Amino acid sequence: MFRRRLGLFGAALALGAAGLAGCGGKAEGQGEGFAGMSQIRMAVRGSEDDPRMARRWSAYSDYLKAATGLPVKLYESSDYNGTIQALSSGQVDIATIAGGGYANVDAQVGDKVTPILTVRQAEGDMGYYSALLVKADSPFRTIQDLKGRSLGYVDFNSTSGYLYPRAMMREQGIDPDSFFGKTSFAGGHTQAVMALENGQFDATIINVAGGDPEHGFSTGAHFTMARRGLVDLDDFRIIWTVGPVPNAAIVVRTDRPQAFIDAARGALAAMPYDDPDLWRDTGQADGGALTAVNRTHYADIIALRAADLAQRRGGEGREGGRP
Amino acid sequence: MKRLVLTIALLAAAPALAQAAPLRIAAPAKAPGACAALPASAPAGERAYYALLAKRLEVEVQKCPVADAAAAGAALAAGQADLAVLDPAAFAPVAKTVRAILTVRPDGSLNRIPIVVAVKSGSSRKTLADLRGGVAAFGGVGRAAYDTPRRALADQGADAGFFAREDRPATPDLAVAELRAGNADALVLNAAAWQRLCRGDEPGEDLCKDLTVVWRGRPRAAKALAVRRDMPEQLRYRLIGIHMPMHLEATDAFAWGSSWIAGGAEFEPTEADALLPTQAAR
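So the protein lines, in turn, are chains Z and W. Residue numbers for the first sequence follow the working numbering, so the first one is 1 and each next one is one higher. Residue numbers for the second sequence follow the working numbering, so the first one is 1001 and each next one is one higher.
If you're looking for bench data, these hints aren't it; they were derived computationally from the structure. A few of these clues could be false.
So the derived label-pair ranges between C-beta atoms look like this [to be verified]:
id	chain 1	residue 1	chain 2	residue 2	range
1	W	Arg-1151	Z	Asn-198	30 to 38 angstroms
2	Z	Gly-199	W	Asp-1173	30 to 38 angstroms
3	W	Leu-1248	Z	Asp-277	23 to 31 angstroms
4	W	Gly-1161	Z	Lys-135	50 to 58 angstroms
5	W	Arg-1165	Z	Gln-172	45 to 53 angstroms
6	Z	Gly-199	W	Leu-1248	43 to 51 angstroms
7	W	Ala-1164	Z	Pro-244	18 to 26 angstroms
8	Z	Gly-229	W	Thr-1212	23 to 31 angstroms
9	Z	Gly-199	W	Arg-1151	50 to 58 angstroms
10	W	Ala-1036	Z	Asn-81	40 to 48 angstroms
This one's a predicted model, so the numbers in the text were calculated from it and none came from an experiment. Positions of the beta carbon are idealized from the N, C-alpha and C atoms, including for glycine.
Taking the hints into account, I'd like the entire structure generated from these sequences.
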């Protein structure tokens, strides 16, 4: 489930040279090195929409290494739970995780993990949408048309592909545990689109962004897959959207040195300004930037996670295995 | 062997030596003077700001009273201060040795998003200045589609009256259609809209191959926190990382630390030359 992917860097003696440079009466050397940390361990999701993610994360880790002076080890998880468990157990120091995943971490370890940054898009939006996707040649035009049909969720820990749309269905009078004939987990957004394409579900729920329900969207799993030539956008139709869902967070373990947390937050947030090409290479939308957040920003998602768990414990789970 | 031991000892001692250096903040005051610890009589917000920086950086933070922003810039350039709020006028003379690191985003405002100005490839208008008297098509109305691009252009000297006409069709798609039809000389979009417009849905597709970008940049910052360009990156990033969540973690410190911009919502990082008074279009 969770494996070390890139042992990028050997042991580093980063503290020396830079520290000596600070002896000229200027405040140049404060805080070189982070007590108790010899490396940065960062959890990333692998092969979600795009196998080029590995190259992107490598560039990301190179940047973080240059910024902090510490070697960076990337830990690639194959599913949502891998990142959650790595954070909760302290196996990693920093990670990017969706709101629903963070809610799960919060339930396990509370303030030992905290969100520090999230993306604010150029237009000021700080969220994305869940979209109910069907095949274009299907008869389904509204969510009501899917009564008794099969639905593929992304993952139990997915915010846009499970947690949030289920809550919104309930708000709209649809009990997601009884409305559909069968539900299952695809394991990821890409897998969900492929399973739909292959006829394993009648519908699936994925994330979309770069727009809104009124004007349409331009980013999301099926858009990325289309740009890679894996699917044809014309094969799909969005019939229901809910959102916005708070964007994913960069989270850290709070038991790491404060100096590290500050440096990591500053370095990552400076990226779109200091190195806009790298910002785009890491898959971020042009014009977006990182903004500081804390637990409060995800309070609604944390409450939704708690409510969903309570709801599930009160009824019979219908989710089967992966397709 | 002795040399190796000595080297290791020096390396081990280096951080401690470095941490002894105070962080010196140049700040305009009625009575300029030497850098010193903040007096107990300083306003509570100022004390909160200094105390927060001192705690997080684990160094003494000193105030260096200077006559004005220009003097603060000069103090940074001369290595007599480490941090100061500058405006474009104060920044210009010291731009080679000083850089901006943080601005304040006013409440309700967007980030300082990049703006793109494009023309049809093959156009005789090769620069922003060449577009004087032409027709510009913006990608809509509102803050991201018009207000921010307009401000960024004004910062470059392309202020009201620079274009003979400014069209604001409802969407970027309509704006680029206007350009392609020859009804406009330039397309003005924010970078996100440009990216969405040009990124196709097929592998490697570029929907804007027939267009050329003649200018790209962010609106100029009115003021910014600045440091020397040779400040070690880790310290610069820590300063950014301490300031960014200040509005969440230490509201008194934030209120004072951001008071140089009215109605500040949060600190945001910025590019080194955010204060540079470019006038390319004049």
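Here is how each hint holds up against the structure:
1. Arg-1151/W to Asn-198/Z: 30 to 38 angstroms: violated, 49 angstroms
2. Gly-199/Z to Asp-1173/W: 30 to 38 angstroms: Hint holds: Cβ distance 34 angstroms, inside 30 to 38 angstroms.
3. Leu-1248/W to Asp-277/Z: 23 to 31 angstroms: holds, 30 angstroms
4. Gly-1161/W to Lys-135/Z: 50 to 58 angstroms: Cβ of Gly-1161/W to Cβ of Lys-135/Z: about 54 angstroms, so the range 50 to 58 angstroms holds.
5. Arg-1165/W to Gln-172/Z: 45 to 53 angstroms: Taking Cβ atoms as reference, Arg-1165/W and Gln-172/Z lie about 47 angstroms apart, which means the hint holds.
6. Gly-199/Z to Leu-1248/W: 43 to 51 angstroms: holds, 47 angstroms
7. Ala-1164/W to Pro-244/Z: 18 to 26 angstroms: Roughly 39 angstroms apart at Cβ, these two residues miss the hinted range, so it is violated.
8. Gly-229/Z to Thr-1212/W: 23 to 31 angstroms: Holds - the Cβ-Cβ distance for Gly-229/Z and Thr-1212/W, about 28 angstroms, lies within 23 to 31 angstroms.
9. Gly-199/Z to Arg-1151/W: 50 to 58 angstroms: Check passed, 51 angstroms falls within 50 to 58 angstroms.
10. Ala-1036/W to Asn-81/Z: 40 to 48 angstroms: violated, 54 angstroms
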